[in-house]
Amino acid sequence: MRADHLSAAATLRVDGLRKAFGEKTVLDGLTFDVSSGEVVSLLGANGSGKSTSLRCVVGLERPDAGTIVVDGVTGKPGEAMPTVAMVFQKIHLVPRRSVLDNVCAGALGRLGLSRSWSVLAFPRELQEEAMACLDRVGLADRAREKAGRLSGGQQQRVAVARALCQRAKVLLADEPVSALDPAASEQVMNLLRSLADDDGLAVAAVLHQPDLARRFSDRILGLAGGSLVFDSPAAEVDDDTVAGLYRPALEALEAAEAARTKEFA
Amino acid sequence: MSIATRPPEQAVPPRFRPSGIAVGVAITLGLIIVHWYAAVQTNTSPKELIEGWRGLWNFLFGLDKTFPNGKTIHQDGAFPLDLRWSETIRPGLEYCLLTIWIGLLGTTLSIPAALLFAIISSRTTNRFVPLWLAGRAVMSVLRAIPETVYALMFIAAVGFGAFPGVIALAIHNVAVMGKLWSESMDEVDQGPVEALRVAGASPVQTAAHAVLPAVMPSLLGLLLYRFDTNVRSSVILGTVGAGGIGFFIKTEVDSFHFDTMMTYVCMVIVLIIVIDLFSAWLRRKVGAV
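For the record, the sequence lines run as chains G and V. Residue 232 is where the first sequence starts when you use my numbering, and the numbers rise one by one after that. Residue 424 is where the second sequence starts when you use my numbering, and the numbers rise one by one after that.
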């Protein structure tokens, strides 16, 4: 049932990515890659550049420098790539639309306006493909329900189905489970793992739970100040290494607090 | 747990700073001067209103005129109302209906152009700045001209009647509703928009599949609100000759039939309240409030 496009090896390669917002440098020459069939987690304190790097890859931010290559194709800065899909912490489905219509929307990039001006114009083959994607995430029986009526975990799986309907080879996940309870998180992480193992997707996920990162990914990337601190197999990343990522941020917060207190005194 | 000791008291930072107080006094004085000047320019004085009470009384309750030949006639005032069925009330109801039809068509005919302007004037759906600016500029110009002026222009072009009223309302409403709609699109949750952009959707596809589904209830609510407002406006347009009940209010005033005029005014009050309640009820139904 799975389309052939998923079986081919696909690799995301990010090289020397730089991005500054005004004075503040968020990405400082970030370099990493993700292979087909691999789950890679990005860990780091707030402001370390994890989310920004994913947003640069999908064209939601325009990087100041650096290259993004997917499957041998170099992306244009600030433009979406058809082979790269993304799921978000806040899920970002259209709650009023049906689950099926939300999944179909993943295919908009390859549909002309005559077949996409309204949900009524979506071709039958697309709807069948979307049903297959929904079946892959285990929600085919909810196709006609409004997306907003599903639980958070189910909505996130619909968002994954939308990414599959895009026929992506690389799936980026920006804090995909931060808003979910432990059971739903487990389910979504299992799904991401299985997409890499069984469908050969290259998966990169920003996570805030080191424990989930260790259990579900092959490699963990540690980010601080917009560049890579470590890139290790998940099993080799111990608690100290993880704590080290958050220590500079904690120290910075404490220093700022101390400076303010001094000013007042 | 033991009872906590009270922490030592701390000085409270002042709510107002001296510079803030000075600015407040200056603004208040400035406003008083501007209003005093406006009152002088417009001859606004309570004295004139009080001295004119007899004219108002005559308008409301009529006037006995005595001619030099000794004959006295009574000129009717606004009350008692003119309640003749076939001469006043039945035609009045028809004029009210006409007023509603003018408001309805004026609103409905403006929908396609208003939607187009809303989409090109919202940052969510159009990020091409020159077109965005052009859309907003055209709407500002169209909106700056009151409906009444449009009506006068179209009356000059096609003559008295309801039709120039419809066109006047439609043109003005394109600009007003286009602006309201574009603002509600601006406030839409950007998340689904970004998600579809990542999937490679074009701006038009993003508008159709992320923005419009999210804003549809508020667009409908604003449409109903504009229908309500346009029915009111169409009463005013009538007084300059663009059909409906307003036209007949003006005619009756001009021929000193104040009682008939007041009957029509009462019918307008009922009409506006009914339309207002209806529009509010329907807005609640579509979940827009």
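If you are wondering where the hints come from, they were derived from the structure by calculation, not from laboratory data. Where is the CB? At the ideal position from N, CA and C, for every residue including glycine. There could be a bad hint or two in this list.
Stated by the list, open to error - Computed footprint of chain V on chain G, listed as stretches where at least three residues anywhere in the stretch have a Cβ under 8 Å from a Cβ of chain V:
1) 356-363
2) 437-446
To be verified - What follows is a list of derived Cβ distance ranges for each label pair:
3) V/Leu527 to G/Thr298: 35 to 41 Å
4) V/Gly443 to G/Pro413: 48 to 54 Å
5) G/Val460 to V/Gly443: 30 to 36 Å
Stated by the list, open to error - To list a few chain V residues with every Cβ distance to chain G over 12 Å, as calculated:
6) Leu527
7) Ser625
8) Ala637
For each hint, the structure was consulted:
1. 356-363: violated (count 0)
2. 437-446: Coverage by chain V is violated here, the residue count being 0 at a Cβ distance below 8 Å.
3. V/Leu527 to G/Thr298: 35 to 41 Å: 58 Å, violated
4. V/Gly443 to G/Pro413: 48 to 54 Å: Since the Cβ atoms of V/Gly443 and G/Pro413 sit about 51 Å apart, the hinted range of 48 to 54 Å holds.
5. G/Val460 to V/Gly443: 30 to 36 Å: At roughly 48 Å between Cβ atoms, V/Gly443 and G/Val460 fall outside 30 to 36 Å, so the hint is violated.
6. Leu527: 26 Å, holds
7. Ser625: V/Ser625 is in fact no farther than 12 Å from some Cβ atom of chain G, at 8 Å.
8. Ala637: 6 Å, violated
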